[in-house]
Amino acid sequence: MADTPLYVGIDLGTTNSAAAVFDGEQVSVVRNAQGATVTPSVVRVDKQGRVTVGTRARRFIEHDPANTATEFKRLMGTANGIEFPAAGATKKPEQLSAEILRALRQDIADQLGVAIERAVISVPALFELPQSAATSEAARLAGFARVELLQEPIASALAAGWRADDDGAGTWLVFDLGGGTFDASLLETRDGLLRVVGHDGDNFLGGRDFDWAITEHLASQLAVVPQRSNPAHAPALRALRLAAEDAKIELSRGERAQVALAQPLSIDGTDVEVDLELARATVERLCVPLVDRALDVCVRLMTANGLGPGRLAKIVLVGGPTVMPMVRARVAARLEAAIAEGHDPMTLVAQGAALYAATAGLDGRAPAAAPATGHQVWLQYPAVSADLTPHVVGKFVGADAPARVKLARSDGGWTSADASVAEDGTFLATVTLLPRRACTFEIICLAKAGERVPVSPPSLTIVQGLTIGDPPLSRTIGVALANGHVQVYLERGAPLPARRTFTHHTVETIAKGSRDSVLRIPIVQGELAQAHLCRLVGTLDLVGDTVKDTVPTGSPVEVTIELDRGGRLNARALVPAIDQVFEHVAHLLVPDAEPDALDAALRELRGQLAALRTDAFRHGLGQVIEKLDRLEARLAEAEADIDAAHGGDADAAQRARRALIDVDATMAEADLARKWPELDAAARQVAITASSTVGFHGTDAERSLLQEVLAAIDKARKDKDAAELERQMRLAQRLSSAAFNRTPEAWEWYFEDAASEVSKARDLPRAQRLVTDGKAAIGRGDTDELRRVVKALWQLLPDDSEARKRGFDSGVR
Amino acid sequence: MTGLAENPFFVLGATPAASRLELEREAQKLLGMLELGFAAAKTYETPLGPRERTAELVRAAIAALRDPYQRLVAELWARHAPPPRAAGLEPEPEPASPRVSLWPKPEARSPKPL
Chain A
1 MADTPLYVGI
11 DLGTTNSAAA
21 VFDGEQVSVV
31 RNAQGATVTP
41 SVVRVDKQGR
51 VTVGTRARRF
61 IEHDPANTAT
71 EFKRLMGTAN
81 GIEFPAAGAT
91 KKPEQLSAEI
101 LRALRQDIAD
111 QLGVAIERAV
121 ISVPALFELP
131 QSAATSEAAR
141 LAGFARVELL
151 QEPIASALAA
161 GWRADDDGAG
171 TWLVFDLGGG
181 TFDASLLETR
191 DGLLRVVGHD
201 GDNFLGGRDF
211 DWAITEHLAS
221 QLAVVPQRSN
231 PAHAPALRAL
241 RLAAEDAKIE
251 LSRGERAQVA
261 LAQPLSIDGT
271 DVEVDLELAR
281 ATVERLCVPL
291 VDRALDVCVR
301 LMTANGLGPG
311 RLAKIVLVGG
321 PTVMPMVRAR
331 VAARLEAAIA
341 EGHDPMTLVA
351 QGAALYAATA
361 GLDGRAPAAA
371 PATGHQVWLQ
381 YPAVSADLTP
391 HVVGKFVGAD
401 APARVKLARS
411 DGGWTSADAS
421 VAEDGTFLAT
431 VTLLPRRACT
441 FEIICLAKAG
451 ERVPVSPPSL
461 TIVQGLTIGD
471 PPLSRTIGVA
481 LANGHVQVYL
491 ERGAPLPARR
501 TFTHHTVETI
511 AKGSRDSVLR
521 IPIVQGELAQ
531 AHLCRLVGTL
541 DLVGDTVKDT
551 VPTGSPVEVT
561 IELDRGGRLN
571 ARALVPAIDQ
581 VFEHVAHLLV
591 PDAEPDALDA
601 ALRELRGQLA
611 ALRTDAFRHG
621 LGQVIEKLDR
631 LEARLAEAEA
641 DIDAAHGGDA
651 DAAQRARRAL
661 IDVDATMAEA
671 DLARKWPELD
681 AAARQVAITA
691 SSTVGFHGTD
701 AERSLLQEVL
711 AAIDKARKDK
721 DAAELERQMR
731 LAQRLSSAAF
741 NRTPEAWEWY
751 FEDAASEVSK
761 ARDLPRAQRL
771 VTDGKAAIGR
781 GDTDELRRVV
791 KALWQLLPDD
801 SEARKRGFDS
811 GVR
Chain B
814 MTGLAENPFF
824 VLGATPAASR
834 LELEREAQKL
844 LGMLELGFAA
854 AKTYETPLGP
864 RERTAELVRA
874 AIAALRDPYQ
884 RLVAELWARH
894 APPPRAAGLE
904 PEPEPASPRV
914 SLWPKPEARS
924 PKPL
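Each protein sequence line maps, in turn, to chains A and B. Letter 561 of the first sequence, counting from 1, is numbered 561 in my numbering, and no numbers are missing. Letter 16 of the second sequence, counting from 1, is numbered 829 in my numbering, and no numbers are missing.
Just chain A, same shape as in the assembly (with noise of 0.2 Å):
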C-alpha cells in the first residue's frame, strides 16, 4: 500500500457530495459510514454546538430547518452568514462546505486508513474567482495542505473517457444536469488525448429547478395555497419540497407515489393536511419544459461546432436528475444517438476528479519524510502519459553527479539504453508503458568506472491512460481601463497555470502620504470588450500613504495577472518609476442581492427589452427578435426569483443576480445586432482598408491569414452574426495595423491625429512641446523620436469621466 499512489478526487456538489480514489489502475468510489456512495451537502449545528453533517443531518431539515443548512454551495464566494439560532452562531458557506470536505476526507481515511492531504476538487465550470477561492478555503479549513480546482465537465468527461474506446470514438456529449447548474459539453479522444471541442451550459437550471416545478404542482392542490414570496409559507415549501424529491426519486422506479405527511402543515394559521398522489406522468409533464431547456443548449453547442443531430458517437449522463428515465429517453431521441452504459452519473465527477489528480501528479498522501540516501536527483516526467514512450528527464542536485542512468521497468519486461549525464548534472531518457497500466521503473545509476551508486528517490511510476491537456480559462480575464474597455491578458480556454504582463500608463497622479490618493486596477472576467458588461472580481489598489514618491500622470505600470492550475488569482503592479511592486489584490466577495436593488434592475431591464424589441421588429431582424423572446423568458424566471429573495431565500436572490448581469449581456449582443447596418458598413471599410495596408505592405504570411480573415468577415456578414464579425474585424484591423506601421508615414499619421485634439490634453504645456518636438523629428525624418513623442501625447490626452465610470474607476489605460 505504501509504494501505491492514492489520487484523491472529491465532487463537492449543491445537494450531494462524492469522493473517489484511484491507484494508478483502478478507480474506486469511497463509502461513508452508512455505506453510500454519496454524502447529502447539508450541515446541522445544533444547540450544543454540535456539527453533524450528510445524512444524519439531512433528516432535521424538515424538523429543524433553521438550524440545517442546504445548496450553500450556491452561496460561496459570498458575505452571506448562515445562522443556526440554537447554539447562536453564524457560519460562512465555506465553513459548512468545510464540514462537508472534513466528512469526506475522514471517510476515506476510515476506508483506506490513511490521512490524505491533498486532493482534486470539482467546481462548476462557470464558478466565478471568489467561488473558486471560497472553495480552497473550504478545503484548508477542512485540514488539506493542497488542493486543485477541476471544472466539473472536464473532470466528468476524463472519467467517461478513461474506458473509452479510443478507436473511432468520435465526438461524444456530456451532460450534466446537476442540482443546480446544467453543463454540456462536446468531447473527443484522440491519440490517448482527450480534448474539450466545445462547452455551454446554463447556471440557473438544475435538479432544483424539478423539485421547485413539482413543489408548485403539489403546492396548488392544497386547501390553502403557500406562497413562496411569503416568509411565514417558507416551512410549508420546505416540507413539501422535501416530499417532491423523494416523490420524484420513487417515480424513476415506479409508476405512482404516495405524497403524504405526517403532520399537517400550518399555513396562514390553518392546519391542512397532506395527502396526495402523484403519477409518472404529471411529473414528466412538468420537468418536459426543463429538460427541454437543456437539449436547446445541447443544440445550440452542437451547431456551433457543426454537428447536426445524429452525429454523437454516445452521450453520457451525468447527475442525479438524469436517472429519471424521461431525461434518458428524450435526451437520446432529440440528439439521436444512444446513451453510453455502465457509468454512475451520481459519482462520475468524483471519479473524474480522482483520475485528474494523477494527472497533476498529486499523490494524496502526506509525503513521506524518509532519509535520502545516495545521489539527489530531481525528476520530471508526466504521472500519466497517454504516449507509450514518454521522455524523463532529471538532474542531479550537488556535484560529482553519476556518468550515466539508465531506468528498468519493474516487471522486468524493459530497460532503458544508458543516458549520459552531462556536465551540469542533466540527464534525458525514454521510457516504454504497458498499456493502460501503472508502470514502475527503477532508476539505475553508475559511476564512470561502471559500478552502480545509490540515488534518491530510487524509482517513478507513470500510468498510461488517457489524459487532458491542462485545464482552460472557463472565463476571458483582463483589466479594465479608463476608457471603459478591457485589456484582455487571458482568453477564455488559455491552458492553465498562466502568466501574462502589460505595461499600462497611470491617469491621475498618486500624491505620496495621502491616504485618499488611490489608483485602482481593477480585474474583471467576461467575455465582453466593454469593462461594464464584465464583472469586477478583484482589485490591486496604489495607495498614496504606501508608495514611496509621488507616481505622476503618464507613469507607467507593469501590471502581472497569474492563475494557477484551479484558476487562482495573482495580481502585482510594479511601478518602474518608483521601484516599487504593488501585489495586494482586494478579492472581493461576490455582490449581495438586496431584493430592492433586483427589483429595480428588472425594471431597468425591461424597459431595455422593449426599447430594443420595438427597433428589433422596425427593422425585422428576426434573430434579434427570437434572442429577446429567450431574455424576456429568462426575466421572468429571475422574477419568481426576486418574489423569493423577498421571502427570505438568499439563494434565490444570487441566481437572480446573476441572471439579470447574463440578461445585460446578452441585451449588449442583441444592440450590436440591432447596429447591424453600421457595423455592416464598418466591416466593409475594415476589410478595403485592410486589404489595402496588407496588400502593398504585409508579409506574405499576413496576405495568406488576411485571406482567411476576409472569408470569415464575409460568412459572418452573411450569417449577419454581429459578435462574430467583430471578432474577425479586430482581426482584420490587427493585420492593417501590422502592415501600417511598417510604412514610414504611420507614426506622421498618428501624429497629426494626436497633435489635432492637443487642447484636450492633462498638461497642456508639455503635450504643446511634445508637439513642437514632434514636428522637429519629422523635419529631421526621426521615425524613433517620432514614436517616441506620439507615445507620450497618447498618455497625455483624456478619458470621459463616464467612460472611466464604465471601467469600474480604472487609473490606468
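Fair warning: there could be bad hints in the mix.
If you only want the chain B side, here are some residues facing chain A, beta carbon under 8 Å, derived [unchecked claim]:
1. P829
2. R833
3. L836
4. R838
5. E848
6. E869
7. A876
8. L889
Residues of chain B clear of chain A, computed beta-carbon distances all greater than 10 Å [said to hold, decoys possible]:
9. G826
10. A830
11. A831
12. Q841
13. K842
14. G845
15. T856
16. E858
17. R864
18. A873
19. D880
No lab work stands behind these hints, which were simulated from the structure alone. For every residue, glycine included, the Cβ atom is placed at its ideal position computed from N, Cα and C.
Model the placement of chain B on the given structure of chain A, informed by the hints.
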C-alpha cells in the same frame, strides 16, 4: 494569431509536419527541461531571431496545436516564414493607437487607407 515570434511550432522547435503525438511528447519534454533549468531549453529560434522560451509559452503552444483550426493557422505562418535567424532581434510590430477604437464609435478613426 501569434504570428512569427510566438508561433507554436517555433516555440516547440517542431515542424508543421509533426504528428500530434510528437508535439505532445516534445512539449512534455520541454516543460520538464525548463522546470529543471536545462540551458538548451531556454531559447528557441524564430525568423525574427532567438526568443526566450517559458513554460507558459510551451503550454499555450501545445494547447493551440490541439485545436485543428489554430493548428492550421500556425502551420500557415510557419510554412510561409523565412528561415530562422540566429541573432539580430527585430522589434515586435508596434500596437495600433490605443485611441483608435474599432467600433461602434462612429467618430473613431482607423488607419488611413493608403
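Outcome of the hint check:
Given hint, P829 of chain B at the interface with chain A, is violated; its Cβ is 12 Å from that chain's nearest Cβ, farther than 8 Å. A least Cβ separation of about 5 Å between R833 of chain B and chain A falls short of the 8 Å threshold, and the interface hint therefore holds. A cut of 8 Å between beta carbons decides the hint on L836 of chain B: the least distance to chain A is about 10 Å, and the hint is violated. The beta carbon of R838 of chain B is positioned within 8 Å of a beta carbon in chain A (closest approach about 5 Å), and the interface hint is therefore held.
Interface hint status for E848 of chain B: upheld, as the beta-carbon distance to the closest one in chain A is roughly 5 Å, under 8 Å. The restraint placing E869 of chain B at the interface with chain A holds, with a minimum CB-CB distance near 5 Å, inside the 8 Å limit. The criterion of a C-beta within 8 Å of any C-beta in chain A is met by A876 of chain B, whose closest approach is roughly 4 Å, and the hint holds. Nearest Cβ of chain A to the Cβ of L889 of chain B: about 6 Å, under the 8 Å cut. The hint holds.
The beta carbon of G826 of chain B is kept farther than 10 Å from every beta carbon of chain A, the shortest such distance being approximately 14 Å. Here A830 of chain B stays apart from chain A, with its beta-carbon at least about 16 Å from theirs, past the 10 Å limit. A cut-off of 10 Å between C-beta atoms confirms that A831 of chain B is not in contact with chain A; the least separation is 12 Å. Look at Q841 of chain B: its CB is around 6 Å from the nearest CB on chain A, not clear of 10 Å, so calling it non-interface is violated.
Distance to chain A contradicts K842 of chain B as a non-interface residue, since its nearest Cβ pair spans about 4 Å, not more than 10 Å. Separation of G845 of chain B from chain A is inadequate, the least Cβ-Cβ distance of about 3 Å not exceeding the 10 Å criterion. A cut-off of 10 Å between C-beta atoms confirms that T856 of chain B is not in contact with chain A; the least separation is 16 Å. At roughly 17 Å, the least C-beta separation between E858 of chain B and chain A is larger than 10 Å, which holds for a residue marked as non-interface.
Non-interface status of R864 of chain B relative to chain A is upheld: no Cβ of that chain comes within 10 Å, the nearest being about 15 Å off. Against chain A, the non-interface label of A873 of chain B is violated: not every CB pair exceeds 10 Å, the least being about 6 Å. Not every C-beta of chain A lies more than 10 Å from that of D880 of chain B, the closest at about 8 Å, which undercuts listing it as non-interface.
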